[in-house]
Amino acid sequence: MESHDGAWSLKEVQKLEGHTDRVWSVAWNPAAGVAGVPAMLASCSGDKTVRVWEQNPSSSSWFCKAVLDETHTRTVRSCAWSPSGKLLATGSFDATTAIWENVGGDFECVSTLEGHENEVKSVCWNASGSLLATCGRDRSVWIWEVLPGNEFECASVLQGHTQDVKMVQWHPTMDILFSCSYDNTIKIWAEDGDDDWHCVQTLSEANGDDLTIKVWETDSAKMMSGDGYVPWSHVCTLSGYHDRTIFSVHWSREGIIASGAADDAIRFFVESKDGSVDGPSYKMILRNEKAHDMDVNSVRWSHGENRFLASASDDGTVKIWELVPVI
Amino acid sequence: MVSELINANPVVYEKKERRVRSTPSCVDEYAVEPIDQLEIFDHLRDIKDPEHPYSLEELKVITEDAIEVDDSNSYVRVTFTPTVEHCSMATIIGLCLRVKLMRSLPSRYKVDIRIAPGSHATEAAVNKQLNDKERVAAALENPNLVDMVDECLAPSNGLAG
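First to last, the sequence lines map onto chains E and A. Everything in the first sequence is counted per the working numbering, starting at 1 for the first residue and increasing by one. Everything in the second sequence is counted per the working numbering, starting at 328 for the first residue and increasing by one.
Worth flagging that the hints you see were computed from the coordinates, not collected in a lab. Small disclaimer: the values here were computed from a predicted structure and weren't measured. Among the clues, some could well be false.
[Unchecked claim] Heads up, simulated DSSO-like pairs for lysine-lysine below, C-alpha to C-alpha not over 27 Å straight-line:
1) Lys283(E) x Lys11(E)
2) Lys214(E) x Lys427(A)
3) Lys15(E) x Lys437(A)
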């Protein structure tokens, strides 16, 4: 489909340099960038460190506020802020997950979660911040309960995937966990009261490749009303837009999907109100071809009312962008 | 370490004569020569097989023709043929190819490594591993694996094998 890129433009706000190896992930602090609190971003890298960046409110420019080093002994693959913005979880190939606390601008490692047998590949907090999920090459997903005093207790170890688990993500409002695996399936996990977590659905696609985006849907109103679990179903595939691996996708509050891929580009998609097909369809509104000098590993929309996006790349940089309509 | 070699008696081929590039009469010092098939092959031909004292060229694991390069699009695909169908060294060889190119080519390059179709029992599985950036990155943080790769990549000392 032709992109109507006359209507949108991606402005590069700033390039954040400092990491000495590829940057794998970025995460916006959800409690920052509002109510006078300067915006804050974390990035993690193959250089074994995590960098925290902050925006200077008067000049609007970003600077590196802290380098979290001397903790992880291998690549830091994933980072995620707790919903309160007070804690940062970092998952590393060294098989540990570190928990950092923001103590008046200084970041202190307050806990180290051990248990995975090898590389941790993804970390994610649930909506309330009461649970943290981690996953890794050992094929397992761990759910950790957050206790007072920055204590973490393993609530459950979820087995089921037959190969590495590459990513975990909680549902934005319900305590339902999604895990994606090298075994080409996505598993959905839920609890039936009393810490009993089990797999409630497995999404498998025979034609899985890493050049397409798939959209799934459920009746969440029905699920939240307590009518039991409503299965997710596949409703749309975006194909033909990427010819190299898609590493990251993220949905903005307005429904704009951003993708970061191995062709150094960032693409944006919105639902097309075509009406001629059954179910939703999407069109590409912009492709920024040379967003970075190397693969884009992560794209993340900021939490605010604006259209700011952060991206992380193999080129060792993080970039802040603004998607602006061109009149 | 494997006590028994997977392929104890590999077929060894003669090394291809190395073409000497002729220097153009008018040399533009600032011109960058596009990377071509031969240049890629030159980076890879002397990589040692992990099991035998021969190069990948001598064992015909890689050939010049099995290299597809498009310099203007910064793309290269290398297809390699393990010496036997059940070669468990296939992933190591693939990793060696990837590491050598990573160290030799400009960072703008996109590299695909694959096994020659039909030449290996678990072709799809090996190709998937070799092209999974995250798995490759994690593997290259394993010192034992890195040592193995570095040994294959080390220039031979010129003494007859």
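Evaluated hints:
Between the alpha carbons of lysine 283(E) and lysine 11(E) the distance comes to roughly 20 Å, so the proposed pair stays at or under 27 Å and holds. About 35 Å separates the Cα atoms of lysine 214(E) and lysine 427(A), which puts this hinted pair outside 27 Å; it is violated. Straight-line distance between C-alpha atoms of lysine 15(E) and lysine 437(A) comes to about 23 Å, which keeps the hinted pair within the 27 Å bound.
Hint check: a violation occurs at hint 2 only; the rest are consistent with the structure.
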